[in-house]
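Enquirer: Chain by chain, the residues run as shown.
Number of protein chains: 2
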Amino acid sequence: MTANTKQREVIIVGAGVIGLSIAHVLTSDPSASYKITVVARDLPDQHMDSQAWASPWAGANWSPIGDREDRRYKWEAETFKRLWDMIPTGLTMALPTKAFYGDEVSPESIWYQDIPRDFHFLPKDDLPPNMKTGVAFTTVSLAPQAYLPWLQSELKSKGVNFICKKIDSLEDALVFGGSGCILINATGLGARSLLGVEDLEMFPIRGQTILVHAPNLRESLEIASDLHPQTSTGDATYIIPRPGNTVLLGGTFQQGNWDVSLSMSTAGRILSQSCALAPVLKSPDTRILAHNVGLRPARRGGARVEVEWVEFPLKGELNIRREAEVKAEIRKVMVIHAYGFGPAGYQCSWGVAEEVQQMLRAGMGAKS
Amino acid sequence: MTANTKQREVIIVGAGVIGLSIAHVLTSDPSASYKITVVARDLPDQHMDSQAWASPWAGANWSPIGDREDRRYKWEAETFKRLWDMIPTGLTMALPTKAFYGDEVSPESIWYQDIPRDFHFLPKDDLPPNMKTGVAFTTVSLAPQAYLPWLQSELKSKGVNFICKKIDSLEDALVFGGSGCILINATGLGARSLLGVEDLEMFPIRGQTILVHAPNLRESLEIASDLHPQTSTGDATYIIPRPGNTVLLGGTFQQGNWDVSLSMSTAGRILSQSCALAPVLKSPDTRILAHNVGLRPARRGGARVEVEWVEFPLKGELNIRREAEVKAEIRKVMVIHAYGFGPAGYQCSWGVAEEVQQMLRAGMGAKS
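Chains as they are written, first to last, in UniProt numbering: chain A, 1 to 368; chain W, 1 to 368.
Some hints could be false.
All copies of an identical chain are treated as equivalent in the list; a pair is satisfied when it fits inside any one copy or across any two copies.
[What the hints assert, rightly or not] DSS-like cross-link-like pairs, simulated, lysine-lysine; straight-line CA separation at most 30 angstroms:
1) LYS332 with LYS282
2) LYS132 with LYS35
3) LYS156 with LYS81
4) LYS74 with LYS282
5) LYS35 with LYS315
6) LYS166 with LYS156
7) LYS165 with LYS81
8) LYS165 with LYS282
9) LYS315 with LYS282
10) LYS332 with LYS81
11) LYS165 with LYS74
12) LYS81 with LYS166
Calculated directly from the structure, the hints in this document are not laboratory data.
Isolated chain A (complex conformation) (with noise of 0.2 angstroms):
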């Protein structure tokens, strides 16, 4: 039997899209067979309104974000195909977008046109008032609300274990499994508050949006200057549609505010933003169906994703402590971190989850 073909122990941290993703590459690996685990907080099949957790808020389609970083588009572009592949399961659909420049934009700046279908610029004739650069493409989208318990659900029926339980410590991770456990840190958000990993670099990017019943809107639409983490105002205009014939109305892009509540004068832009974008939404068949508030993972300086060597039990007096722990031996075990990922996550899901694969296999060829 070689190292490939033993059953590897893996506790995977978080129940959010990249944390499952990562399951689902885990579990259909050829060449390697694991023992998962997932522990977490919430939970799809019971925390779907969790505030604290970002992946039920998101939109989510795949969308032209900030500026282009090379890790993230190979990410991306791997998640793209996956997730046009999956339109035949009606999980996701494909969606005809048009997306707008406040100012000129040269052809060759756009980064990302190689990423969606059918990608073309829009003539000047066709675009709304102000705005000077227009481009669509068919992209494809998906409603967590049915996206995350088929992830779980088809999770489940290959043997992964899921395990609620809300943990302060990485330590308490390796609680559920054995001396040569891996673990994988998909806290999002949490990383800034999980002992052992402290990240300081994480911070919320809040997003407040809509979700409205508009069955004759069928077309994706938004400002793509808007959705730029770094040089957004705060306020963003986007709309897109879904599998189930509900769309998405956004948003926003608020650096480091944790508020959760609705604002009632943000919820009014983005009605008359969308209504001035799509005029479509004004027909008495539009239904808003809620208000929800999302807390993107997001980290300065991008997202994590490497394996770092972590030595326990850790030091530190803040640490949980347990009899059991107080007297175990010291052990040096593989994480790997994958978060921070910002207002990206869906659409890097799936190409970040086989970049933990790869690392994995390596990994799991180092002492330990």
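Use these hints to put chain W onto chain A, whose structure you have.
Expert: Same frame as chain A, now just chain W:
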């Protein structure tokens, strides 16, 4: 059959300590019969780790907070009696307490001395460094992790119906009741976001705490001058032993701060100040069990406990619209608001519940 013996339908929004205590008082009313439904985003049997819900993160003890307010004094005095009477059940426990002030405090300015048991002043020699006044009394404490599930299970056994749903509007709650139903709004911080209420006086007071196992510490110690929402610097020091051999170390009173991530520097400060106040915590038997953050549902102007007759369907372009409701007849519904207790939710709970019961009885005689 008189109006009072006819069964009335009551929808309670919110399953925190306020909503559940109201339900409990109503199910125990000998002179009236209610069909009660509790609708809440978070329920004790599923969501005790929800960071948007205040009740799980409380101390919780009766403790002197801020200045005297006549209405709150009455609620607290009634609640204290009831929690004291529950001691034999094990859900609450008698808790010897010492409270210290950094200033000279005159006996007559201690407004709360009639509420707890055995109140007396401490000799100056028994005070910690820098403290000028000390008082001692016996109060009660409880652990929300046991108390809230107990309340819910009592209510279930009495036929109360629980519905797990995040609602965005008072109208969403009406769906669960018939034409003559009464609404009780116990949504805490949610009252800021709930359409039809939209109470902008609501704000969070962030509380960070450490839960420890400390079997040798059975006395509560607190710097009473910190326990003042208006004058607190943001930092507070309090130590609350609860049933089940756990002790809560606090804390913070950070007004308007929605950040539910842990501050490790705050945790360090809480631990060192707690150890200074109670050196027994330095024992090797002390083990940190959890680091927690909760948002106390505070309200400028004080808690809101009052009746409002609200006209439905609600007006305004942001309202949730359902096909059925677009055509709904105009009607007025009695709404009893009970929210905004800040750090004093548990210690007001039974008194508020009794006042709500009286409002309900009085209101049922009014035109509906």
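Enquirer: Go through the numbered hints given earlier and state which of them the structure violates, listing their numbers in rising order.
Expert: Hints 2, 4, 7, 10, 11, 12 not satisfied by this model.
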